[in-house]
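Taken in order, these protein sequences are the chains called A and B.
Oh and the first sequence: position 108 is 146 in this note's numbering, straight run, nothing missing.
Oh and the second sequence: position 268 is 306 in this note's numbering, straight run, nothing missing.
Don't take every hint at face value.
Because identical chains share one entry, a pair is satisfied inside a single copy or across any pair of copies.
[Said to hold, decoys possible] Derived EDC-like pairs: lysine to aspartate or glutamate, alpha-carbon spacing no greater than 20 Å straight-line:
{"no.": "1", "residue 1": "K256", "residue 2": "E195"}
{"no.": "2", "residue 1": "K424", "residue 2": "D245"}
{"no.": "3", "residue 1": "K269", "residue 2": "D363"}
{"no.": "4", "residue 1": "K74", "residue 2": "E279"}
{"no.": "5", "residue 1": "K74", "residue 2": "E87"}
{"no.": "6", "residue 1": "K269", "residue 2": "E152"}
{"no.": "7", "residue 1": "K118", "residue 2": "E370"}
{"no.": "8", "residue 1": "K74", "residue 2": "E228"}
{"no.": "9", "residue 1": "K382", "residue 2": "E152"}
{"no.": "10", "residue 1": "K219", "residue 2": "D49"}
No wet-lab data here; the hints were simulated from the structure.
Bear in mind that the values here come from a model prediction, so they are computed numbers and not experimental data.
Number of protein chains: 2
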Amino acid sequence: MTEASICTIGDEILIGQIIDTNSSHIARELESAGIKVRKMLSIADDVNEIRENLTRELQDSDIVIVTGGLGPTKDDVTKKVLFELSGSTRHVENPGQLEVIHRILASRGLDVLEINRAQADVPNKCEVIVNRLGTAPVMVLRTSGSVLYSLPGVPYEAIGAMKDVVEDIRRHYRLEDIYHKSVMTYGIAESSLSNMLEPWETSLPEDMHLAYLPDPLKGVTLRLSVFGGEKSTQAARCEAELVRLRKILGDSIYSENDETLQQVVGRLLIERHATLSTAESCTGGMIASMMTSVPGSSEYFLGSVVSYANSVKHGVLGVRQEILDTCGAVSEDCVRAMAEGVRKLTGSDFSVATSGIAGPGGGTQDKPVGLVWVGVSSAERTEAVKFNFNNDRLRNTQRFAASALDTLRKFIASR
Amino acid sequence: MTEASICTIGDEILIGQIIDTNSSHIARELESAGIKVRKMLSIADDVNEIRENLTRELQDSDIVIVTGGLGPTKDDVTKKVLFELSGSTRHVENPGQLEVIHRILASRGLDVLEINRAQADVPNKCEVIVNRLGTAPVMVLRTSGSVLYSLPGVPYEAIGAMKDVVEDIRRHYRLEDIYHKSVMTYGIAESSLSNMLEPWETSLPEDMHLAYLPDPLKGVTLRLSVFGGEKSTQAARCEAELVRLRKILGDSIYSENDETLQQVVGRLLIERHATLSTAESCTGGMIASMMTSVPGSSEYFLGSVVSYANSVKHGVLGVRQEILDTCGAVSEDCVRAMAEGVRKLTGSDFSVATSGIAGPGGGTQDKPVGLVWVGVSSAERTEAVKFNFNNDRLRNTQRFAASALDTLRKFIASR
């Protein structure tokens with residue numbers, strides 16, 4: 039099996055200032071292409087460390103993916119090491135990357151300084167994959183038995199470049215066929231899911247593997263991988279197992295096409311030519327932000343009232359003062375009124391509302407931190423449901439928002 | 039300087055299923071104790087890989103911290119390797135850890151099985167630090183020049199054990215003091231910043247190091263580290279350099295205390311006993327979401343109207359239809375009207391509004407993708423400013439939101 043090492047370069051990782059998320063993303067991309075990651079490492083912006091470690095990884099692995107150490111500022115040293123390791127004699131300006139540098143800086147209204155232009159210069163014994171999302175090119179160093187790809191450290195540029203990198207790997211290595219299918223679920227905790235699925239999972243053929251990928255905003259994604267057999271039969275064999283999985287999980291499955299909850303909600307709205315608005319207290323705009331993260335969402339998303347203060351719940355959404363005084367803002371009556379209020383205010387077909395206690399302060403015996411009420415409303419009916427979580431502020435808010443979207447998804451789907 | 043390697047063991051990290059957060063936490067603990075982390079690595083649950091890598095790290099570093107590979111179901115692969123590397127001849131039961139195992143399982147209503155009891159058995163040439171938060175003990179292996187600490191993989195147990203580990207290190211090593219200071223800036227790109235600071239940076243003493251840490255939501259953080267000298271003088275020497283830095287950067291510096299933009303805005307509001315509301319089009323609730331991510335933000339944040347549709351800009355915020363028809367939604371007039379509208383609607387002292395084109399669709403020659411208008415308003419005056427970016431949808435939205443918060447910060451600070 040083709041093996042890879044992933045190496046991140048940057049002092050900021052080693053002092054714990056930032057958490058390396060690139061490696062995890064790159065690992066998933068490599069893994070689904072059938073490449074085994076045998077090692078990840080993070081080292082400092084130091085020429086000697088970089089030289090020593092990259093040399094060793096090129097000996098031990100078929101593929102080495104490097105991120106970081108390519109920015110225009112002083113502490114960026116990866117290029118120096120690649121110059122040396124590749125036995126280059128001079129730098130060559132890459133016209134494709136230079137064009138991108140000009141385009142990006144122009145769009146920001148900035149001049150192209152010498153420091154920027156120099157980013158397009160690459161060691162003459164390295165190949166280049168143009169980085170369309172940033173100023174530093176992807177450099178490719180081929181040795182006798184291995185290949186090294188040097189990617190920028192900025193996560194969205196590194197992630198963006200991986201598609202081209204995997205394509206390049208496919209052109210040079212014969213990779214084993216692995217078929218993956220993702221089934222996205224929401225509302226069942228990983229441990230409960232694992233219990234529910236145990237008999238099914240145990241009965242899977244030897245060459246199929248199930249992975250649980252939990253995410254606070256997406257729920258638990260189940261990834262079924264088929265390693266053996268011909269590519270032509272892998273999909274059918276996978277589907278045969280999924281038929282049984284669907285019976286166990288029912289409508290806890292929200293997508294089999296790598297969609298997010300907000301994409302599914304958007305799709306359901308488009309199918310019904312319907313519009314949506316949100317009224318958010320504890321989620322503070324996160325649901326609206328998630329909905330509008332989908333390109334084209336203006337087709338169905340009208341807007342939101344983030345009613346953080348009770349005065350806004352009353353004054354803008356029309357929640358009766360009596361409800362706020364007697365039931366409180368975190369209550370079934372309040373989220374029902376919020377959902378109905380925002381639907382009428384914006385004229386949307388559907389709406390969703392949240393009110394809860396994200397913490398760390400504000401909890402009581404009756405209404406502890408982690409409690410959230412979710413309301414959903416259409417012209418025909420309004421419903422409310424409550425959830426309890428117990429995490430830190432950010433994690434609670436994420437769970438609140440995702441649970442609201444999942445409640446909304448089921449509500450719209452049943453219409 | 040005392041140097042350390044951090045090694046995490048676990049297949050789940052290598053396939054990208056989970057992101058390693060232990061290493062980052064351990065690095066921060068080591069770093070603030072004056073220990074330099076020279077390498078982080080993640081390897082598989084494989085005896086050969088573990089043996090080979092730990093042997094190398096014990097040669098190259100003074101201190102090696104290992105997490106993972108200790109659970110009862112993982113066949114204790116780490117313990118096997120430590121048995122071998124330490125030259126142990128048998129396992130010895132650690133009574134302190136056995137007591138913890140009994141206590142923890144009893145509290146969960148579980149019996150102590152043989153598999154649990156065996157966790158208290160440690161190689162006889164290893165020392166033990168009792169893990170009070172879990173069942174697997176911390177094992178300590180001292181070689182001639184180095185020391186290895188093996189911690190459990192569960193994050194809260196690993197983090198909990200680090201206090202004892204650092205204490206143990208202090209007993210055995212004389213540690214150098216390192217002083218760090220972070221200066222957070224917004225509005226100047228990393229490459230321009232590097233140019234502006236070059237004379238200053240070049241003149242820094244040999245034992246001071248400057249790092250640039252860019253982030254779309256935080257701008258560029260400059261971290262100045264002082265390696266040499268006595269602890270008592272490091273802060274004063276750093277401050278002497280910062281005096282010059284502040285003159286160069288002026289109000290582009292928004293914090294010297296590791297605050298985010300939303301925390302600074304919150305602090306400015308609290309100081310003025312003032313409140314805030316937001317009116318968001320292209321940012322879709324992200325600004326409200328960022329503001330409410332700060333605990334206690336209900337003290338000053340009243341709410342937001344996410345006016346994604348023009349009907350909401352007009353109907354809820356009171357933007358005149360004439361403005362929408364003639365200038366369009368992405369215009370100075372519109373964001374001024376939005377900012378004033380939401381301030382009056384919610385009764386807040388300050389407000390901020392955004393309207394722009396996040397992409398990928400919707401751009402025109404006059405109003406390209408990446409253009410955003412930001413409006414800020416108080417009872418005394420309303421201002422508007424535009425920015426141009428050129429990224430993907432998520433990145434543009436993040437830049438829009440951060441630029442709006444930075445504009446708001448300067449607006450409030452000048453009042």
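Hint check results:
1. For a Cα distance limit of 20 Å, the shortest separation of K256 from E195 across copies, 18 Å, qualifies, whereas the shortest one inside one copy, 23 Å, does not.
2. For the homomeric pair K424 and D245, neither the shortest alpha-carbon distance inside one copy (41 Å) nor that between copies (56 Å) is at most 20 Å.
3. In this assembly of identical chains, the alpha carbons of K269 and D363 never lie at most 20 Å apart, being 63 Å within a copy and 56 Å across copies at closest.
4. Proximity of K74 to E279 under the C-alpha cut-off of 20 Å is found in neither arrangement, the shortest distances being 23 Å within a copy and 48 Å between copies.
5. Within a single copy, K74 and E87 get their C-alpha atoms only as close as 24 Å, which misses the 20 Å cut-off; across copies the closest is 14 Å, which meets it.
6. Proximity of K269 to E152 under the C-alpha cut-off of 20 Å is found in neither arrangement, the shortest distances being 50 Å within a copy and 39 Å between copies.
7. In this assembly of identical chains, the alpha carbons of K118 and E370 never lie at most 20 Å apart, being 62 Å within a copy and 47 Å across copies at closest.
8. With identical chains, the CA atoms of K74 and E228 are never at most 20 Å apart, being 25 Å at best within one copy and 35 Å at best between copies.
9. Neither within a single protomer nor between protomers do K382 and E152 lie at most 20 Å apart by alpha-carbon distance, with minima of 57 Å and 49 Å respectively.
10. Taking the closest pair of Cα atoms, K219 and D49 come within 20 Å of each other only across two copies (15 Å); inside a single copy the shortest separation is 36 Å, beyond that limit.
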